[in-house]
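Protein chains: 2
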Amino acid sequence: MSELISKAKKAKAAAGQLIGKTTKQKNEALKTIAAQLIEEIPYILQENKKDLDQAREKGVSETLIDRLMLNEQRIRDMALALKQLALLNDPIGEVLESWERPNGLKIEKVRVPIGVVGMIYEARPNVTVDASSLCLKTGNAVLLRGSSSALNSNRALVSVIRRALEQTKLPQDAVQLLEDVSRDTASQMFKLNQYLDVLIPRGGKNLIQTVVQNASVPVLETGAGNCHVFIDETANPQMAIDITVNAKTQRPSVCNAAEKVIVHESWAKKHLAALARNLRNSNVELRGDEKAREIVTDLIDANEEDWETEYLDKIMAIKIVANVQEAIDHINTYSTKHSEAIITESAENTKLFFQLVDSAALYHNASTRFTDGFEFGFGAEIGISTQKLHARGPMGLPALTSTKYTVHGNGQIKK
Amino acid sequence: MSELISKAKKAKAAAGQLIGKTTKQKNEALKTIAAQLIEEIPYILQENKKDLDQAREKGVSETLIDRLMLNEQRIRDMALALKQLALLNDPIGEVLESWERPNGLKIEKVRVPIGVVGMIYEARPNVTVDASSLCLKTGNAVLLRGSSSALNSNRALVSVIRRALEQTKLPQDAVQLLEDVSRDTASQMFKLNQYLDVLIPRGGKNLIQTVVQNASVPVLETGAGNCHVFIDETANPQMAIDITVNAKTQRPSVCNAAEKVIVHESWAKKHLAALARNLRNSNVELRGDEKAREIVTDLIDANEEDWETEYLDKIMAIKIVANVQEAIDHINTYSTKHSEAIITESAENTKLFFQLVDSAALYHNASTRFTDGFEFGFGAEIGISTQKLHARGPMGLPALTSTKYTVHGNGQIKK
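From first to last, the protein sequence lines are chains A and B.
Per UniProt numbering, the first sequence starts with residue 1, numbered consecutively.
Per UniProt numbering, the second sequence starts with residue 1, numbered consecutively.
Keep in mind the hints are simulated off the structure, nothing from the lab.
Treat the hints with caution; some may be incorrect.
[Said to hold, decoys possible] Per the computed footprint, the stretches of chain A lying under chain B, defined by three or more beta-carbons under 8 Å from a beta-carbon of chain B, are:
| # | segment |
| --- | --- |
| 1 | 39 to 49 |
| 2 | 233 to 246 |
| 3 | 344 to 357 |
| 4 | 360 to 372 |
| 5 | 404 to 410 |
Virtual Cβ for every residue (Gly too), placed ideally from N, Cα, C.
Kindly produce the complete structure, drawing on both the sequences and the hints.
Shown next, in the form of structure tokens:
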């Protein structure tokens, strides 16, 4: 039997055992993992160094090295996150709805674990701990498929986690690492509906699209953010500038950073020059459509590709529109349906924008950078879903759960 | 441009227009469709007769002819269902949660349409009206891909629906029928993530598995029911017999009918003979494991295949177990995770069964036949989901919705 099938079977069995475990047991395990991670810092760093050495030998970029790198602080941060996760409410067992039917049947809708989660990710070893702990908290078993470049680090982290599971009497196989990271195994994993209940890809656009396009196992899609800020006619000028600069520059490499600013023509006539100056002061390269270039004449010409692109960099394209409807239409055409903001003093236009823009998170007079599980107050984040089924927007612990109906009767039969 | 792409594009545009429509407009459309269906009975029956004639020429089975057949009563039933659907609450726009963050951001989670639904189904023309109306009520556009054997009927029904949409100022392209029902087109439809937000296959196991295995568009999987009744040691004998007979025989061809009865050995010694007699009186063919055959000696030998099979017929297999845990393990091994019942006077065993059996709907002292959107009080049913993401168990209108987050601020930026 292949490593994949053997571990998938064990994961399914572990998922069955996890169902009976209490919140206290799961939290105890999370706290034990936290303690062991700190105790094992020298061992983890020694194993991480092997991955870093190999990466340097291969001459990979410093950005990739940084993603791969663990240090004492990063491990302490992981441990802290585990302790905070232990403090969160356990969603499992929660009764979401209950009602009684005229025939006396008492129906409850109860939150339950999903079962087995297949996690597919790239070089960041912190995802190993993050995914394992979120799955554990929600009573799911997880099969981890990381990158070969992080294999030593992942192996070390998983061995620490599994030892802590054993100590706290939880099934060790609730967390397993696939060491065979070949493409064939990945393809097989995409189709393993028999054992896997969901796949979660975490990483770049290509990885996610490969999983979405090829998986028959349901996918929790976390996606790209071609996010927009629309500055309406009545927008407060300083607020609009502050929000746009923040949404673009506070952390340009993340999915909730804004990539485009759409500006109402009246506002643009008065304030676009100031907006452009402020963005350029923050080292943002500006591109613009024809009307924008009439006002700020030295903008780079924005083309069709610009409207579609998630730059993930200090670049922003400007489009001028005649009204809110034109802004909405542009966003619905080019957006990746992640996060969009309207800056306006008009309640009517806000309502229209909120109703008609088809994206996961919509903001009125606030930065798109708030689309995040922690900023939303969830206390944890699995990722940010840009799909419409199961979960949309920032995903907290409930996104890793399913439900079942339990029905109490006293002999009811169907007439 | 192919018919598929052209209609998918139009569906997406229609979905955008539907978002702005009111509950009143949608209900008006549903009532107009109902009225027009009744007005057009002669035309619909004339078109349906073409399909029936073709089917008879091909010599298809009477069961298939029955599925394909419309008559005045069936069309009146469709119209009635439409009128009832118009009376149900509109889930769209419902605020599911709202809270305020310490920084003053006011967050709401709002129910919205999914967008474009791809419906893939077999010979029943009633699915055409059913799917169209459920999608309409929830503000979704639908692209219908029925069977070639029902093409004339579907075309007639869709033309009636589209005329009613036009009359009530809703976008006609909210309901479209694909006339090219080739396999190639179906395969292309499975991968049309650009335009389709969800695929819903309705029909036999093969159809559903083809869609699940090949689609990159998310699928709402409605599935098979290898349902179990477990009769525990303390079960009331008459109640256990009544429920088992009902679950097996009230309508054996449907997914929530029971296929297996698992019996505690102590109960079996006293009452299995009576249970078998009652089932046989209802013309059920009985199969059993070794222990069951020791008590009812003329049972057919049940083999491994029996435990896996959804008979959809008057056949039932009997398994004897020593305790509730053995019953749970058997169910979790062989069940399709649809519906299972425990008949017992023990609250403790019920709790264990409800917690550990991994199926969509679990019953205590009631028939599995109640797993149904109408029996659950939803007033409508999209199908019964046996998957764990998005929706599980009977699916009412909310299963055809997604959510978005809307956030009101007053200038908040991320620090």
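We went through each hint and held it up to the structure:
Coverage of the segment 39 to 49 of chain A by chain B is violated in this model, with 0 residues showing a Cβ closer than 8 Å to a Cβ of that chain against a need of three. Note: the segment 233 to 246 of chain A has 5 residues with beta-carbon separation from chain B under 8 Å; the three-residue rule is met and the coverage holds. Requiring three or more residues with a Cβ within less than 8 Å of a Cβ of chain B, the coverage given for the segment 344 to 357 of chain A holds, as 4 such residues are present. A count of 11 residues in the segment 360 to 372 of chain A with a Cβ less than 8 Å from any Cβ of chain B is obtained; the coverage claim is therefore met, three being the minimum.
For the segment 404 to 410 of chain A, the assignment as covered by chain B holds, since 7 residues bring a beta-carbon within under 8 Å of that chain's beta-carbons and 3 suffice.
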